[in-house]
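Colleague: Sequence:
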Amino acid sequence: MTDFYTLWTDNGLAKLGDATLDAPFNITTAVVGDGNGANVIPNKGQSALVNQVWAGVVGSKTRSKSDPNTIVFEFVIPAADGPFYIREVGLVSDDGQLCITGNFPDTAKPVATDGSVRDMILRIPLHFENADIVNLVVDPDIVLATKADVSAHALEQLDPTDTDINKKKHLSNAQAKVWEDHAKNQDNPHGVLSNLPNVKSDSVGLSNSNSLATSKAVKTVNDSLNTHKALGIDPSSTNTTKEKHLSNAQAKVWEDHTKNKSNPHGVLSNLPNAKSDSVGLSNSNSLATSKAVKTVNDSLNTHKALLVDPTSTTTQRDKHLSNAQAKKWEDHTDDINLHTQNNILINGNFDIWQRGTNFNIDNTTNIYTADRWKTEGLNFSGNVSRQAFAVGQTDVPNNPKYFARLTYTSNVDHVFFAQHIEDVQTWAGKKFTLSLWLKSIGTIPANDVAIRIIQNFGVGGSASNMVVDQSPKFNITTSFQKNVLTFNMPEISGKTIRSGSYINISIGFPPGVVHAYSLDIAQVQLEVGSKATAFEKRLPEMELALCQRYFFKSYLQNVSPGESTVDGQIGLYINNMPHSVYIVDVPVKFGVTMRDVPTTIVYDKNGTPGCCDTAIGSGHQASVVRHGDGGCVIRCTYNAASTAIFCYFNITADAEL
0 MTDFYTLWTD NGLAKLGDAT LDAPFNITTA VVGDGNGANV IPNKGQSALV NQVWAGVVGS
60 KTRSKSDPNT IVFEFVIPAA DGPFYIREVG LVSDDGQLCI TGNFPDTAKP VATDGSVRDM
120 ILRIPLHFEN ADIVNLVVDP DIVLATKADV SAHALEQLDP TDTDINKKKH LSNAQAKVWE
180 DHAKNQDNPH GVLSNLPNVK SDSVGLSNSN SLATSKAVKT VNDSLNTHKA LGIDPSSTNT
240 TKEKHLSNAQ AKVWEDHTKN KSNPHGVLSN LPNAKSDSVG LSNSNSLATS KAVKTVNDSL
300 NTHKALLVDP TSTTTQRDKH LSNAQAKKWE DHTDDINLHT QNNILINGNF DIWQRGTNFN
360 IDNTTNIYTA DRWKTEGLNF SGNVSRQAFA VGQTDVPNNP KYFARLTYTS NVDHVFFAQH
420 IEDVQTWAGK KFTLSLWLKS IGTIPANDVA IRIIQNFGVG GSASNMVVDQ SPKFNITTSF
480 QKNVLTFNMP EISGKTIRSG SYINISIGFP PGVVHAYSLD IAQVQLEVGS KATAFEKRLP
540 EMELALCQRY FFKSYLQNVS PGESTVDGQI GLYINNMPHS VYIVDVPVKF GVTMRDVPTT
600 IVYDKNGTPG CCDTAIGSGH QASVVRHGDG GCVIRCTYNA ASTAIFCYFN ITADAEL
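Each residue of the sequence shown is one higher than the one before, counting from 0 in numbering that gives the first Met the number 0.
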């Protein structure tokens with residue numbers, strides 16, 4: 000066996016054996032690990048990597064060209080992810096089971112701060128004794144597409160023999176070049192024609208690809224197109240019509256153009272037996288097909304009809320487009336947005352509740368509740384809680400599990416449920432669409448629920464800028480309804496930006512609302528563009544990692560910080576070291592690199608903050624003596640005569656904005 004290889008886990012073999020076309024076996028996620036710093040020997044009994052450091056979507060699944068019994072799984076680790084080492088890899092099914100495990104040559108994955116940055120493409124080949132029994136199905140919803148893939152896909156949808164300029168106007172310069180090269184290659188530019196007549200023709204009206212025309216004929220029509228663009232006039236018009244519109248300089252161009260007409264019946268000696276569709280050559284002795292001439296002539300006629308640059312601004316463009324053309328432009332723009340939109344908000348599906356699931360709130364304790372969501376307001380009291388959707392409900396699509404319920408009980412001046420989106424610079428000058436599902440338990444009068452959006456430039460930065468000032472005010476019923484708001488985020492030129500800047504997205508009750516209400520909120524999505532798309536649901540481990548950048552705990556996910564428990568405790572144990580005074584330093588690594596150096600709190604098993612458990616009991620003082628955004632050191636000190644030394648505790652680390 001080679002040093003590096005992959006094998007099926009017991010779970011993977013079981014799933015493969017049960018798979019059918021009606022109940023397919025889906026591998027959707029790739030994972031890599033660092034083996035805790037050591038080389039790894041794959042084991043078919045594994046249910047997880049030794050130490051997973053990264054997870055991502057499988058980009059493609061293809062049958063090997065060199066070995067039809069081998070299927071290759073490919074995925075990309077983006078340049079921004081890391082740093083870490085890769086010593087083990089795996090493939091995970093859509094229900095979270097590790098199906099394939101393998102070891103990997105010790106490989107560093109750097110980031111830009113290391114002085115080296117790169118995307119990494121990893122391929123995991125799987126060999127079957129008879130791959131014909133495997134029906135390889137690629138789910139288009141999870142295929143990772145690069146920008147080049149999307150461009151190539153867009154080109155594949157077009158007929159390269161179609162001269163419709165309405166298609167070409169949707170292509171970028173780079174895409175147009177690809178189109179042109181592709182169109183050229185439809186006919187062999189170096190093909191040989193039999194019995195080719197040794198003549199040339201300047202005709203611009205033929206459409207037979209086997210007839211020959213000089214490249215000068217092509218250039219003649221191309222120059223006519225350029226002249227038309229410059230002069231805005233049909234060069235075939237009469238003298239009288241022409242002279243009324245031409246300046247002296249333009250008339251000179253016209254005169255030179257007329258003088259330079261070539262003899263359409265000239266004969267070439269030693270005519271090469273080849274054809275070309277090129278439209279850019281100016282050599283009269285080279286040969287071009289009449290099809291090439293017609294291509295440019297059709298472009299000229301289309302230009303005359305449209306008189307519009309498809310790269311122009313909206314105002315300039317709309318003045319020249321018919322209703323049908325404008326609809327095609329709009330559909331093209333929507334297609335682009337579908338490839339670029341993602342939910343900017345974190346935990347918009349309310350799946351992650353690390354701090355607990357029920358919170359009493361008031362204006363003296365503006366707190367975080369569901370991960371990344373906090374209360375902000377004045378003169379209010381109430382409750383925030385996690386509520387479960389009934390299994391199989393159809394009111395809100397995509398089968399969400401939870402929604403957030405905000406209950407305000409008394410003295411409401413104003414209160415909002417808010418998320419702070421990191422870095423005001425990233426989102427400046429863009430159009431956004433906010434969509435969310437809302438309902439009430441009882442009746443909420445019209446205009447009592449509003450949206451507020453603020454640009455905050457950080458401590459010591461420019462004054463905050465109110466982008467959406469509590470408008471529009473939504474009408475809420477006792478059934479879930481989707482509400483949508485589109486707005487423009489202002490530019491930030493001239494602003495002073497400091498550390499900790501953010502965008503504040505808030506949902507709640509504006510000033511003047513003094514009633515007791517319960518508001519239910521589900522599937523909140525903020526995306527770039529003017530269209531609200533289907534809610535984007537990320538993998539659970541990805542959503543949790545995004546939340547842990549701002550808040551991390553060692554407790555189990557279903558245990559609230561401060562509860563009495565030993566589960567999840569971090570610690571150090573040393574036996575046979577009696578002494579009267581002990582100082583124990585315990586290193587702690589956070590789950591992810593956090594946004595900033597967090598505020599860290601230590602808890603003993605009774606939930607007492609600032610304390611740890613030791614050999615002589617709980618309640619002993621513990622403190623943070625080394626701080627970092629990736630981890631810390633906890634110090635426990637106590638006096639005791641004991642045959643063992645140990646220090647155990649749970650922690651929370653808070654780096655919220």
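Derived by calculation from the structure, the hints in this document are not laboratory data. It should be emphasised that the depicted structure is a prediction, and the values quoted were computed from it without experimental measurement. Hints are not guaranteed to be accurate.
Unchecked claim - Listed next, the in silico DSBU-like pairs over lysine-lysine satisfying Cα-Cα at most 30 Å (straight line): (1) 373 with 438; (2) 400 with 494; (3) 64 with 14; (4) 481 with 430; (5) 588 with 530; (6) 400 with 536; (7) 530 with 438; (8) 400 with 373; (9) 400 with 438; (10) 373 with 108; (11) 43 with 588; (12) 373 with 494; (13) 400 with 14; (14) 64 with 43; (15) 536 with 604; (16) 530 with 481; (17) 494 with 108; (18) 604 with 494; (19) 494 with 429; (20) 604 with 530; (21) 438 with 588; (22) 494 with 438; (23) 108 with 588; (24) 290 with 373; (25) 481 with 588; (26) 494 with 481; (27) 536 with 494; (28) 430 with 530; (29) 373 with 14; (30) 430 with 373; (31) 14 with 43; (32) 530 with 429; (33) 481 with 438.
Colleague: Indicate, hint by hint, whether the structure satisfies it.
Modeller: Now for the hints, and whether the structure bears them out:
Between residue 373 and residue 438 the alpha-carbon distance is near 19 Å, which keeps this suggested pair within the 30 Å criterion. Using a Cα cut-off of 30 Å, the hinted pair residue 400 and residue 494 is violated, with the two alpha carbons roughly 41 Å apart. A threshold of 30 Å between alpha carbons decides the hint, and for residue 64 with residue 14 the separation of about 26 Å falls inside it, so the pair holds. The suggested pairing of residue 481 with residue 430 holds, with an alpha-carbon distance near 20 Å, which does not exceed 30 Å.
For the suggested pair residue 588 and residue 530, the alpha carbons sit about 41 Å apart, so the restraint of at most 30 Å is broken. Between residue 400 and residue 536 the alpha-carbon distance is near 12 Å, which keeps this suggested pair within the 30 Å criterion. With a C-alpha separation of about 22 Å, the suggested pair residue 530 and residue 438 falls inside the 30 Å cut-off, and the hint holds. Of the pairs offered as hints, the one joining residue 400 and residue 373 holds, with about 20 Å between alpha carbons and a cut-off of 30 Å not exceeded.
Between residue 400 and residue 438, the direct Cα distance comes to roughly 16 Å. Compliance with the 30 Å bound is thereby established for this hinted pair. Distance check on the hinted pair: residue 373 and residue 108 sit about 35 Å apart at the alpha-carbon level, beyond 30 Å; violated. For a cut-off of 30 Å, the pair hint linking residue 43 to residue 588 stands: about 29 Å separates their Cα positions. Restraint check: the Cα-Cα separation between residue 373 and residue 494 comes to about 26 Å, which is no more than 30 Å; the hinted pair holds.
About 26 Å separates the Cα atoms of residue 400 and residue 14, which keeps this hinted pair within 30 Å; it holds. Restraint check: the Cα-Cα separation between residue 64 and residue 43 comes to about 28 Å, which is no more than 30 Å; the hinted pair holds. Of the supplied pair hints, the one linking residue 536 and residue 604 is violated, its CA atoms being roughly 35 Å apart against a limit of 30 Å. As the CA atoms of residue 530 and residue 481 are separated by approximately 13 Å, the hinted pair is consistent with the 30 Å bound.
This hinted pair does not check out: residue 494 and residue 108 have alpha carbons roughly 36 Å apart, beyond 30 Å. In summary, the hint linking residue 604 to residue 494 is not supported, as the alpha carbons are separated by about 48 Å, beyond the 30 Å threshold. Under the criterion of a C-alpha separation no larger than 30 Å, the hint pairing residue 494 with residue 429 is consistent with the structure, at around 17 Å. Restraint check for residue 604 and residue 530: not satisfied, since their Cα atoms lie roughly 50 Å apart, outside the 30 Å limit.
Distance hint between residue 438 and residue 588 is unfulfilled; the C-alpha atoms sit about 41 Å from each other, more than 30 Å. Between residue 494 and residue 438 the alpha-carbon distance is near 38 Å, which puts this suggested pair outside the 30 Å criterion. The hinted pair formed by residue 108 and residue 588 meets the criterion: a straight-line CA distance of about 19 Å does not exceed 30 Å. Of the supplied pair hints, the one linking residue 290 and residue 373 is violated, its CA atoms being roughly 66 Å apart against a limit of 30 Å.
At roughly 41 Å between alpha-carbon atoms, residue 481 and residue 588 are farther apart than 30 Å, so this suggested pair is violated. For the suggested pair residue 494 and residue 481, the alpha carbons sit about 35 Å apart, so the restraint of at most 30 Å is broken. Between residue 536 and residue 494 the alpha-carbon distance is near 35 Å, which puts this suggested pair outside the 30 Å criterion. For a cut-off of 30 Å, the pair hint linking residue 430 to residue 530 stands: about 10 Å separates their Cα positions.
Of the pairs offered as hints, the one joining residue 373 and residue 14 is violated, with about 42 Å between alpha carbons and a cut-off of 30 Å exceeded. At roughly 25 Å between alpha-carbon atoms, residue 430 and residue 373 fall within 30 Å of each other, so this suggested pair holds. Annotation: proposed proximity of residue 14 to residue 43 holds, straight-line Cα distance about 14 Å (limit 30 Å). For the given pair, residue 530 sits about 13 Å from residue 429 by alpha-carbon distance, which is consistent with the 30 Å threshold.
Between residue 481 and residue 438 the alpha-carbon distance is near 9 Å, which keeps this suggested pair within the 30 Å criterion.
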